[in-house]
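Using the sequences plus the hints, can you model the full thing?
Chain by chain, the residues run as shown.
Protein chains: 2
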Amino acid sequence: MKLFPVVMAGGSGTRFWPLSRKNRPKQFLPLDGDEPMLAATVNRLPPLARIQDTFVVCGPNHAAAARRILRKLPRENLIVEPCPRNTAPCIGLAALHVTRRDPKGVMIMLPADHHVARPDAMREALAAGAQLAFEGAVATIGIRPDRPETGYGYLKVGARLKALGRGKKAFHPSRVERFVEKPDVVTASRYLAEGGYLWNSGIFLFRADVILEEIRRAMPVLGEQLAVIEKSLGTPSYGRTLARVFPAAPSISIDYGVMEKSQRIAVVPAEFGWSDVGSFAALSEVRELDDLGNVLQGDAIVIDGHDNVVLGNGKRPIAVVGVDGLVVVDAGDAVLVVRKEKAQDVRKAVEELKRRGRGSLL
Amino acid sequence: MKLFPVVMAGGSGTRFWPLSRKNRPKQFLPLDGDEPMLAATVNRLPPLARIQDTFVVCGPNHAAAARRILRKLPRENLIVEPCPRNTAPCIGLAALHVTRRDPKGVMIMLPADHHVARPDAMREALAAGAQLAFEGAVATIGIRPDRPETGYGYLKVGARLKALGRGKKAFHPSRVERFVEKPDVVTASRYLAEGGYLWNSGIFLFRADVILEEIRRAMPVLGEQLAVIEKSLGTPSYGRTLARVFPAAPSISIDYGVMEKSQRIAVVPAEFGWSDVGSFAALSEVRELDDLGNVLQGDAIVIDGHDNVVLGNGKRPIAVVGVDGLVVVDAGDAVLVVRKEKAQDVRKAVEELKRRGRGSLL
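Which chain is which? The protein sequence lines are A and B, in order. Its first residue numbered 672, the first sequence is counted upward by one per residue in my numbering. Its first residue numbered 672, the second sequence is counted upward by one per residue in my numbering.
Watch out, some of these pointers could steer you wrong.
Since the list can't tell identical chains apart, any single copy or any two copies may satisfy a pair.
With a straight-line cut-off of 25 Å between C-alpha atoms, the simulated DMTMM-like cross-links for lysine to aspartate or glutamate are [as the list claims (entries may be wrong)]:
(1) Lys775 <-> Glu956
(2) Lys673 <-> Asp880
(3) Lys1019 <-> Asp995
(4) Lys693 <-> Asp962
(5) Lys1019 <-> Glu865
(6) Lys986 <-> Asp1004
(7) Lys1013 <-> Glu901
(8) Lys833 <-> Glu931
(9) Lys743 <-> Asp817
(10) Lys1019 <-> Asp961
By construction, these hints were calculated from the structure, which means they are not laboratory data. Keep in mind the model is a prediction, meaning the values are calculated, not measured.
Here you go:
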């Protein structure tokens, strides 16, 4: 069994403005530590998988930045999508590249912008998932919830499968009964109380041949488009073909397009300090806190305040006085202040700036 | 009767940091309009008094700035205190300068950092106060309270004096029964409900000879020090004498040192949209508001937020999202975020920066 991690770095978003910009999306920011999240994602895989076998998928305007922060990634392992088409086409394209190395290679699909507190525990879970995948499953990693989180999708656990490993270190995979969209807080609380629900981490494992077969069955149009691209792979016409065919692919997520229809879905429940770091508010989960629960970066001073996220740019002080539960970000050329509970609404500020013709700041 | 406004611009404070600095205190900032508060204070006096008869008192490190913003003020009308000694010595010194022009000249003592919404109404009140002062009273302007403000001192109104003027435009001065320190909110509410209390505006009117006599009686040491300085006035030794004698003067306010002991105190009740602009929070009273009650300056955007004070420096945007009752100030080299109710606590941030050896920012 050979493992091929595929890190999906094509995302763009506005929830981390003003730190994130069009040309520097979230995965290129060191939001949860010292290195950009994309680099951390790639670097936490060895010794489970080798960097030579790791692929990264991103858009054309981020390729140079990705190469810069991933010096050891072989040049041919960077897959550049001509345009964003959500995860189903992205995964299909990656599967073609993996197939050229090993048609039965096990792909580990990883979002580039998630936080993992315990990489060793993550690698153990991925190893278990890879075992299932090698046997033909479309495997996903489900995170055991520890709170009624409304920001994540959930998986309803189905029939038990045979355990992987033994004793305390064993993993207990199951079928997936269904995928559940982000619930409201009452529903999320019920999921937590009832048990049998896991957070959908967006991490998937499958053999290249298996996922291509699943795509052909569930998304025949995409299947045909991939077949066209596959013929050009390794030839001088690849770039041209990709640029012609890929933009026509349906923009659909792998969850919706394939997973939810698949009969081979299995989930490996795990815990490894996972967070999708969905907004500035989530930095309180993944960063070191001071005695009063504040996240401080740069030249930040909090007085009489709890539970704030204050990110300075290191060039001038930010003083926060008598405030709780606030996000304050100084990006040098723009300042953001938002209540933690409203951290998702940062996009509204971005829209307003766009409306005012201030696109250069976005 | 000749009027001599004396604008006291010696204050230094930290409640407007990071806009105010050691070398640019509050009265040099355009907090309530387009011009520095000191300039507005001087410029709202004509035609009641002439700029040639107006004095400004400030410290040596602010003299150049004061001259710069008060181009029309005669050079000899800027009185430079060698060091701050509170208002009693400041007023005594100013009285010496006024005496040289007219011993019975009526001084109008004005803080340099207050807001006045209706200068014409203020001038009418000052004219009434000057009338009382010319007749020998130590007059003060009392502002009719419209809310149970805890940030101001109060005057308890005593026996009625004869009205000044007639009909609707008449002023009804009284004796002052006592001066009251800043009350708690229960006491302030009682004052408002009972009536008979006025806000102490810190604006006083008296003849130069009268206040010097009052000082000699209530503060004999200061009286003697002033006598020494007076002898040197207009001679080459003035600067040297002032530098030697003034720092030895007792650092006491005119309220405490003289007013509260005087038998000649009278108060003129008035309303002219007065505010002492005691903190960033007060800008909501004196600045234009948007539809949601926000004060916006520079490149400020508020989304889903009420009752905020957001002061940009005009060079980069500040986006405030989902927040109410917050003060956000970008001074270019420092950023402040503080809840409006805690706006007085800005000094804590200043102290913390001092403790960290960041004095250059203060």
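Hint-by-hint comparison with the structure:
Proximity of Lys775 to Glu956 under the C-alpha cut-off of 25 Å is found in neither arrangement, the shortest distances being 38 Å within a copy and 71 Å between copies. In this assembly of identical chains, Lys673 and Asp880 lie within 25 Å of each other by CA distance solely inside one copy; the values are 13 Å within and 100 Å between copies. Within a single copy, Lys1019 and Asp995 get their C-alpha atoms as close as 22 Å, and across copies as close as 16 Å, so both meet the 25 Å cut-off. Proximity of Lys693 and Asp962 under a CA criterion of 25 Å is satisfied in neither setting, with 35 Å inside one chain copy and 32 Å between copies.
With identical chains, the CA atoms of Lys1019 and Glu865 are never at most 25 Å apart, being 36 Å at best within one copy and 48 Å at best between copies. Taking the closest pair of Cα atoms, Lys986 and Asp1004 come within 25 Å of each other both inside a single copy (11 Å) and across two copies (8 Å). Taking identical chains as interchangeable, the C-alpha atoms of Lys1013 and Glu901 are never at most 25 Å apart, the minima being 44 Å within one chain and 64 Å between chains. With identical chains, the CA atoms of Lys833 and Glu931 are at most 25 Å apart within one copy only, with a shortest distance of 22 Å there and 90 Å across copies.
For the identical chains of this complex, Lys743 and Asp817 are neighbours neither inside a copy (36 Å) nor across copies (70 Å), given an alpha-carbon limit of 25 Å. Within a single copy, Lys1019 and Asp961 get their C-alpha atoms only as close as 30 Å, which misses the 25 Å cut-off; across copies the closest is 18 Å, which meets it.
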